[in-house]
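Residue numbers (this note's numbering), protein chains in the order written: chain G, 384 to 757; chain Y, 4 to 561.
Among the hints, erroneous ones may be present.
[Stated by the list, open to error] These stretches of chain Y come out as covered by chain G in the derived footprint (C-beta under 8 Å, 3 or more residues):
id	region
1	26-39
2	108-122
3	144-153
4	198-210
5	513-527
[As the list claims (entries may be wrong)] Residues on chain G that point at chain Y, a partial pick, calculated with CB under 10 Å:
id	residue
6	Trp408
7	His411
8	Ser422
9	Pro529
10	Tyr533
11	Ile706
12	Met709
Keep in mind that the hints were calculated from the coordinates and are not lab data. All residues carry an ideal CB built from backbone N, CA and C; glycine is no exception.
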Amino acid sequence: MTAIQENLAHVVDDHADHHHEHPSWLAHHFDDAEQQYDSGKLGMWLFLVTEVLFFSGMFCAYALYRNRNPEVFEFCSSFLNEKLGAINTGVLLFSSLTMAWAVRAAQLRQHQLLVGMLGATLGCAAIFLGVKAVEYSHKMEIGLLPGKLYVAQLDGAHGPHKGYLEFICTVPAIVTALCAFYAIYAFATKSLFHQRVAGPMLVAGLCFFGGVGLGQYLEAQEEASKGHGGHAAGHEHHAMVDGHVDHGSHEHAAAPESVHAAETKTAAEIAASAATAMGGTPNVYVSPTELKTPNADVNQRSMAGLFFSIYYCMTGVHAIHIIGGMIVITWLIVKAAREEFHEQYFGPVDNVGLYWHLVDFIWIYLFPLLYLIT
Amino acid sequence: MSVVDRPITAPVHSEVDSYPEHHFLNHSKGFLSWALTLDHKRIGLMYLVGVMSSFALGGAFALMIRIHLWNFKDGWLSNQTYNQVFTLHGAIMVFLFIIPSVPAALGNFLLPVMLGTKDVAFPRLNLSSFYLWVTGLILFLTALSVTGLDTGWTFYTPYSIETQQGGAVLAATFGVFVLGFSSIFTGLNFIVTINTMRPPGMTWFRMPLFLWAIYATSIIQVLATPVLGITVLLLSAERLLGIGIFDPKLNGDPVTFQHFFWFYSHPAVYIMILPAMGIISELMSVHCHKGIFGYRMIAYSSIAIALFGFLVWGHHMFTSGMADVTTIVFSALTFTVSIPSAIKVFNWLGTMYQGTVSLNTPMLYALAFIFLFTIGGLTGLPLGALSTDMHFHDTYFVVAHFHYVMMGGTLVAFLGGVFHWWPKMTGRMFNDKLGIVSAIIVFVGFNLTFLPQFVLGSRGMPRRYATYLPEFQPLHQLSTIGSITLGSGLLLALIVLLMSLVNGKKAPRNPWGGATLEWMCSSPPPHDNFSSAPTVGDPYDFSNIEYDGRVGGYVKRT
């Protein structure tokens, strides 16, 4: 008899013995564990439907604007670091495994394993955010910002901004420090409950900075490889970009571009204002034949800026979902540390698992749509 | 879950139908016992107070508009203030009143009782929905008091990006976002409750039609509202960061905003009207003392309306710029929605035929609904037809049309429902004679207000204008007189309801002779709704329900 069968047998016994009693984990308005579990599950699936529809608006916007200006998406996608995206995809996939494992551990009353698996999921989420922080700060530093904030190469005198990464890392640093204090307290008081909660939280906090380190290492490697011409083949339009990325000192790269950018900016502005005057949408269309050699029209607020708007909106809303997931997983760790879950009551772990898989799933769409265009 | 697990006992009604000593209203006392309650009935009552207050606020704005339009120019509001007033009238009425009115207030109170359960599936989520609604209300009041929103309730870009009232746009869009989640959670809760918590014997086709309507509404709330959420979120990002997705200056497309907005806001029209139709199905049957005609057709037509409602949003945008084929397809699909709506009206009339009609207050509101909703529905056809809509678009014809549906339909049904279930909710009977007077004044005032607007619109009076040509003045004045009549009728209805709390008779268990489960428990219901699982039968079988003079209400013959 396997462990699961034993537990199922246990369920039946339990059920027969305490037919009309309401255990603490069963809400008063439910008749039995099955009804409570079914309700929670259906509720979570409906919530996931709303989540899909919530993201669908942004996927529609993506499809619309990519269809309208495919060359912009191709050009801008080359600014995204595929390695970092791929690593994050792997990290999230792995976290889905640990989450699914956690559900099994909850069903089998393996409390220690459950805490460990939830902790691993939390850690993966933190690594993901750490890598994302490097990606965001790196783009912000070279002015690849959404919409009207987009400044990359439009302004020749524009120097690199620094300090975004430090800024983004402030809150995680504070949270990690608090987790560290909590862990010290937990080990000082020798409370098993607090150790079980504080341990995974501290590890997750450290994982974030591990992710940051990893991201920075790979980002530097990418720049180095570009600098040595390793990326040149088929990427002639990178020249301008690489001018910015390669040279540690941006001053001399900026001069020729500023002229170029100024010209194209006026041309584009004329086109845009003409289109607006006609009452339609500005339609600065670049024919597919120009795709291979995108002109600098692409590199302006209404073109690349729009791509980065979509990029930040989609990945940003996704990151908010990761953070939301981390909060509920922490809540699960607290419950798991109290050993609340068993074969009749594991609905919360199961449902958070479903949510976590959806967040993973959305990223699996975002990664190719944003990073792997070229 | 198996049926045999649970005890099936006789219904708990007794021969001596006394006012219960313990019920949900006096179950516990103190402010916190209400503020932190998980009881769906208390949450429903709090919603009822909330939506009625919002309605009063929105109604005050409506009267301000009508008084301003008494003269063809130089009204008492400045043009800028006028823009803000009609914006807030629309936004408050749509987001704070109509959408939560029937589902969140009456639905919350009635759904578990009608279904025969102790509560909704997720009571804490239910309470958080209410507080999200309160947060939305606060954000709207902020938008109102800080600067004043002037975009129209639709927040069309690029005006909403460019207007000087940026703070108000942000507060209001965030308010809409929060209210959207309130609505989603309510819908989610109801779907789960109906799916998993039906007691033994309560099969899908023994559910009262009100629950079918609420179920269909919930499907729309869950599927459409998230799209509004992301739309207003992108609009906020547009205002804060200038992301450009809807901004033509940055190569964004404002028509995309309209598509996104109406993808929610057209189905939202059915969020407003479907539960109202559910109320009418109950009222028709109970007050005609006759089983509902065509039960299954009404149930299916609710679901059909919910599904068709997702395919017709483009008819709001015939003049915004769409491909010809798209407009023709949207126009054709629009006509299909009229079929399930007409099925319902036909079945209600079929229910009345050869019934024993009690002309009391709820029934009069129900009759007013059928009359007004039919006018509203039929005038929708020329708006769905391309050739006529080109002329009627953005005129008073549209204003009159959707007021006939939203106000003549939803509000009147809501009032009918409030009167119908008032004895159940409060345990008090209202003054039926005064209630009848209020229904008549509302009906007359309503038609006086909005019939002239059809004429105005067909003659070319555009909507949202603060001034107009002198030749429109008589019709506008007629409309203003009507609006004041309507306002006084509504005020009378409120007074009748409030008076009942002071000196109303104690309500019997079943004052109207209904056969659905809510009439089986006491008025007001006990804290847990049913002390033991209720016996579920045909919700429209009136054959063994008789009037008993001793209790002043109806009892079930056993």
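To see whether the hints hold, each was checked on the structure:
| no. | hint | result |
| --- | --- | --- |
| 1 | 26-39 | violated (count 0) |
| 2 | 108-122 | holds (count 3) |
| 3 | 144-153 | violated (count 0) |
| 4 | 198-210 | holds (count 3) |
| 5 | 513-527 | violated (count 0) |
| 6 | Trp408 | violated, 15 Å |
| 7 | His411 | holds, 7 Å |
| 8 | Ser422 | holds, 4 Å |
| 9 | Pro529 | holds, 5 Å |
| 10 | Tyr533 | holds, 9 Å |
| 11 | Ile706 | violated, 16 Å |
| 12 | Met709 | violated, 20 Å |
The earlier numbered hints that this structure contradicts are 1, 3, 5, 6, 11 and 12.
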